[in-house]
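*Asks:* Here is what each chain is made of, one letter per residue.
Number of protein chains: 2
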Amino acid sequence: MTKEELIKNIQRKQSFLCVGLDTDIKKIPGHLLKEEDPIFAFNKAIIDATAPYCIAYKPNLAFYEAFGVKGIMAFEKTVRYLQQNYPDQFIIADAKRGDIGNTSAMYARTFFDEYNLDAVTVAPYMGEDSVKPFLTEGKEGTTHWVILLALTSNKGSHDFQLLRTRDTEGQGPDTEVMPLYERVLRKSQEWADDTRMMYVVGATQGKAFEAIRKIVPNHFLLVPGIGAQGGSLEEVCKYGMTKDCGLLVNSSRAIIYASAGEDFAEAAAREAKKVQLQMAKELEKIRN
Amino acid sequence: MTKEELIKNIQRKQSFLCVGLDTDIKKIPGHLLKEEDPIFAFNKAIIDATAPYCIAYKPNLAFYEAFGVKGIMAFEKTVRYLQQNYPDQFIIADAKRGDIGNTSAMYARTFFDEYNLDAVTVAPYMGEDSVKPFLTEGKEGTTHWVILLALTSNKGSHDFQLLRTRDTEGQGPDTEVMPLYERVLRKSQEWADDTRMMYVVGATQGKAFEAIRKIVPNHFLLVPGIGAQGGSLEEVCKYGMTKDCGLLVNSSRAIIYASAGEDFAEAAAREAKKVQLQMAKELEKIRN
Chain D
1 MTKEELIKNI QRKQSFLCVG LDTDIKKIPG HLLKEEDPIF AFNKAIIDAT
51 APYCIAYKPN LAFYEAFGVK GIMAFEKTVR YLQQNYPDQF IIADAKRGDI
101 GNTSAMYART FFDEYNLDAV TVAPYMGEDS VKPFLTEGKE GTTHWVILLA
151 LTSNKGSHDF QLLRTRDTEG QGPDTEVMPL YERVLRKSQE WADDTRMMYV
201 VGATQGKAFE AIRKIVPNHF LLVPGIGAQG GSLEEVCKYG MTKDCGLLVN
251 SSRAIIYASA GEDFAEAAAR EAKKVQLQMA KELEKIRN
Chain F
1001 MTKEELIKNI QRKQSFLCVG LDTDIKKIPG HLLKEEDPIF AFNKAIIDAT
1051 APYCIAYKPN LAFYEAFGVK GIMAFEKTVR YLQQNYPDQF IIADAKRGDI
1101 GNTSAMYART FFDEYNLDAV TVAPYMGEDS VKPFLTEGKE GTTHWVILLA
1151 LTSNKGSHDF QLLRTRDTEG QGPDTEVMPL YERVLRKSQE WADDTRMMYV
1201 VGATQGKAFE AIRKIVPNHF LLVPGIGAQG GSLEEVCKYG MTKDCGLLVN
1251 SSRAIIYASA GEDFAEAAAR EAKKVQLQMA KELEKIRN
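Which chain is which? The protein sequence lines are D and F, in order.
Residue 83 in this note's numbering sits at position 83 of the first sequence, and the numbers go up by one each step.
Residue 1163 in this note's numbering sits at position 163 of the second sequence, and the numbers go up by one each step.
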C-alpha cells in the first residue's frame, strides 16, 4: 500500500487505529477452544468486529510462533482472511527482525514475497545491510514498508536508546552529540524515504515526539503503548501528528481482550469505536 | 546444557565448532528435492556427517520461516533429530529476537519450553525487559542461555555498534565514553553472569576481541564470520580464547554447501574435520 492510499484510508475512515493481533490461546474466551483453529476463529471474529474502526492490523509473530506449526497456520489464515475480505487494511508483521544481509533477505522474502504483507518491524542494531533487504525484496509493482525501531514504549528503551552518542571517530563529519534513537532516525534516512520507511515510537515517550518530528517531519510513526501500556492518545497527537496525520496508533490487549466472555467481539468493537471517535476528534484539528 | 558440560564437550571432541544450519532449498543438491521433506533430509545428512567434528548446531530461523508451515515442520524435525540422536550437541536458535516483556516471554517459551533448545540469539536494542524473559523462562532444572548481539560480523555493525556513547545524563555514575557494543557488554552483565549469557562477536572484528576480553574475560562468545564471511580462526583464537576456550566458532555456508552434488554430506564432513583439526591445534595452546 502506498503512503497516499494509507492517508486516504485514514481520512475516509476517520481513524488511524492499528489493532494488534497478539492472540494468546491462554487469554481467548473458553468457548472458542472447541473450534478446530481457536486462534484463527478468535482473530476472524475480532477482525469482523473492529474493521470499520481501524485502518491496520498488526499480528505479533511471537504469539503465532509459540504454537509451532499450528500457530503459523493460524497466522497464514489470518493474513489471507484480511487480504481477501478487507483489502484496504494495512497489514504489519510485528517481527522485530534484523540479521546479516542474506538472512534478512530470507525474512523479507517470507513477509513480502510469500505473504505479501505491507510492512514488517525491523530492529536497527545490526545497521544498514541488515535493514536494506527489507527495502529491496517484494513483488514488483507493490509497495512494502520497513518500520524501524527508534524509541520503543518499554522501560528498557532507557538502557541503550537514550545513550548520548557521538559518531565513530573518523567515520563521518557529524560529531554532534545526540541520543542513539536520533542517530537511528538520521542514519536510516540515507536508506529510504518516507514512502518506504516508518519508525516505531512508543506512546509512553510523551514529549520526545517533538524532538522526533524535527528529524522526521513527514514520516509515519507506528505508535504502540496506548491502552495496556499506559500511553496517552491525546499527548501522542499533540506532539506527533502531522498535516497528513502521520500516525498509526496501535492498541492490542485493551481491544482484543476487552471481554473474556462470549461477547468478546462486541466488546472489542466497542473499545475500537471508542478510540476511533477520539481519533476523529484529533483529525478534526488538522482538517484544512 | 551447563557451562561445565559445554567445556567438557569441547575438550573431549577437541572442537569448538558450531555448524550453522542455514538451509536454503535453492542451494541444496537437486537429488534431495524429490524427498518428502528436502530441508530435513539435507539437515539429517549434514548432521550425521558433521557431528563428530562439532559441539553445537545453529539453525537460522529465517531459512525455516521462509517456507511457512513446511519450514517450521522441518525446523521441529531437525531439533528433535538432534536431541534424540546427539544429546551432547548444544542447540542454538539463531533468531535475533527482542521485544517488549510479554512478547519476549512468548518467544522464550517457544524456544525453551516448547523446543527445549539450549540458547537463543537476542538483539539488545530494546534493553533489559526485552532480554530478561529469555533468562527466566524455560523448564525447571535445565540451563538455557541468552546469546546477546554485541559486535556483529557484518558491515552494518559500524553504523551503530561502534558509536561512541556516554551514559544518559542522570541515569548513572558511569560517564566514561565507550562504543555502544561495550555498553551492551557492561550493562547486560547486570542481568546474568557467564553461566547464562554469551555474546555474539563477529570473526571479522579482529583485534576488538582484545578489548572485549577485558570486559567479559570468562564469557563464551559465539563467533560467526569465518568461512564465507572471511574472518580468520587463528586471529579469533589469538585475541579471543580463554583458558576454558570461551569460544563457539560458527561456520554455515562453507561447510553445508561445500559441495552441491550427491557427495554434499561427505564434503561437509571434510570441511568440518578440517576446521576441527585447526581447532585442536588452538586448544593445544591452552592445555595446562
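Just so you know, the hints here were simulated from the structure itself, not pulled from any lab data.
Check the hints yourself; a few may be wrong.
To be verified - Below 30 Å or equal to it, Euclidean Cα-Cα: the simulated DSS-like pairs (lysine-lysine) are:
1) Lys1155/F <-> Lys139/D
2) Lys1281/F <-> Lys26/D
3) Lys132/D <-> Lys1207/F
4) Lys1139/F <-> Lys207/D
5) Lys1155/F <-> Lys77/D
6) Lys1155/F <-> Lys34/D
7) Lys187/D <-> Lys1132/F
8) Lys1077/F <-> Lys26/D
9) Lys1155/F <-> Lys132/D
10) Lys1070/F <-> Lys70/D
11) Lys1008/F <-> Lys1281/F
12) Lys1207/F <-> Lys1187/F
13) Lys1070/F <-> Lys26/D
14) Lys155/D <-> Lys1139/F
Stated by the list, open to error - Now the in silico label distances, taken between C-beta atoms and shown as ranges:
15) Tyr81/D <-> Ile1286/F: 56 to 62 Å
16) Tyr1086/F <-> Asn116/D: 25 to 31 Å
17) Gly141/D <-> Lys1155/F: 26 to 32 Å
18) His31/D <-> Lys1274/F: 58 to 64 Å
19) Thr136/D <-> Ser1259/F: 27 to 33 Å
20) His1031/F <-> Glu262/D: 39 to 45 Å
21) Glu1036/F <-> Asn116/D: 23 to 29 Å
22) Asn116/D <-> Gly1261/F: 34 to 40 Å
23) Pro1087/F <-> Asn85/D: 33 to 39 Å
Stated by the list, open to error - Quick look at which bits of chain D chain F covers, simulated, 3 or more residues with Cβ under 8 Å:
24) 70-79
25) 237-246
None of these values were measured; they are calculated from a predicted model.
Glycine residues also receive a C-beta, built at the ideal position from the N, C-alpha and C atoms.
*Asks:* Run every hint past the structure and note whether it holds.
*Replies:* A quick look at each hint next to the structure:
1. Taking the CA atoms of Lys1155/F and Lys139/D, the gap is near 27 Å; set against the 30 Å cutoff, the hint holds.
2. For the given pair, Lys1281/F sits about 52 Å from Lys26/D by alpha-carbon distance, which is inconsistent with the 30 Å threshold.
3. Restraint check for Lys132/D and Lys1207/F: satisfied, since their Cα atoms lie roughly 28 Å apart, inside the 30 Å limit.
4. With a C-alpha separation of about 42 Å, the suggested pairing of Lys1139/F with Lys207/D is violated against the 30 Å cut-off.
5. With a C-alpha separation of about 37 Å, the suggested pair Lys1155/F and Lys77/D falls outside the 30 Å cut-off, and the hint is violated.
6. Only pairs whose Cα atoms come within 30 Å are accepted, and Lys1155/F paired with Lys34/D is rejected, the gap being roughly 50 Å.
7. As the CA atoms of Lys187/D and Lys1132/F are separated by approximately 29 Å, the hinted pair is consistent with the 30 Å bound.
8. Restraint check: the Cα-Cα separation between Lys1077/F and Lys26/D comes to about 26 Å, which is no more than 30 Å; the hinted pair holds.
9. A hinted pair counts as satisfied when its Cα atoms are at most 30 Å apart, and Lys1155/F with Lys132/D qualifies at roughly 12 Å.
10. For the hint linking Lys1070/F to Lys70/D, the alpha-carbon distance of about 11 Å falls within 30 Å, and the restraint holds.
11. Between Lys1008/F and Lys1281/F the CA atoms are separated by roughly 17 Å; this keeps the pair inside 30 Å, and the hint holds.
12. For the hint linking Lys1207/F to Lys1187/F, the alpha-carbon distance of about 22 Å falls within 30 Å, and the restraint holds.
13. For the hint linking Lys1070/F to Lys26/D, the alpha-carbon distance of about 25 Å falls within 30 Å, and the restraint holds.
14. The hinted pair formed by Lys155/D and Lys1139/F meets the criterion: a straight-line CA distance of about 27 Å does not exceed 30 Å.
15. A beta carbon spacing of about 57 Å between Tyr81/D and Ile1286/F agrees with the range 56 to 62 Å that was offered as a hint.
16. As the Cβ distance of Tyr1086/F to Asn116/D is approximately 38 Å, the hint placing it in 25 to 31 Å is violated.
17. Gly141/D and Lys1155/F have their C-beta atoms about 30 Å apart, which keeps the hinted 26 to 32 Å range intact.
18. Distance hint check for His31/D and Lys1274/F: the Cβ-Cβ separation is about 60 Å, which falls inside the suggested range of 58 to 64 Å.
19. Taking 27 to 33 Å as the suggested C-beta distance range, the pair Thr136/D and Ser1259/F conforms, at roughly 30 Å.
20. For His1031/F and Glu262/D, the Cβ-Cβ distance of about 54 Å falls outside the hinted range of 39 to 45 Å, so the restraint is violated.
21. The hinted window of 23 to 29 Å between Glu1036/F and Asn116/D holds, with their beta carbons roughly 27 Å apart.
22. In this structure the hint that Asn116/D and Gly1261/F lie 34 to 40 Å apart at CB holds, the actual value being about 35 Å.
23. For the pair Pro1087/F and Asn85/D, the beta carbons lie near 47 Å from each other, so the given range of 33 to 39 Å is not met.
24. For a cut-off of 8 Å, the count of residues in the segment 70-79 of chain D with a CB near a CB of chain F stands at 3, and the three-residue condition holds.
25. A count of 0 residues in the segment 237-246 of chain D with a Cβ less than 8 Å from any Cβ of chain F is obtained; the coverage claim is therefore unmet, three being the minimum.
In the structure shown, a violation is registered for the earlier hints numbered 2, 4, 5, 6, 16, 20, 23, 25, in ascending order.
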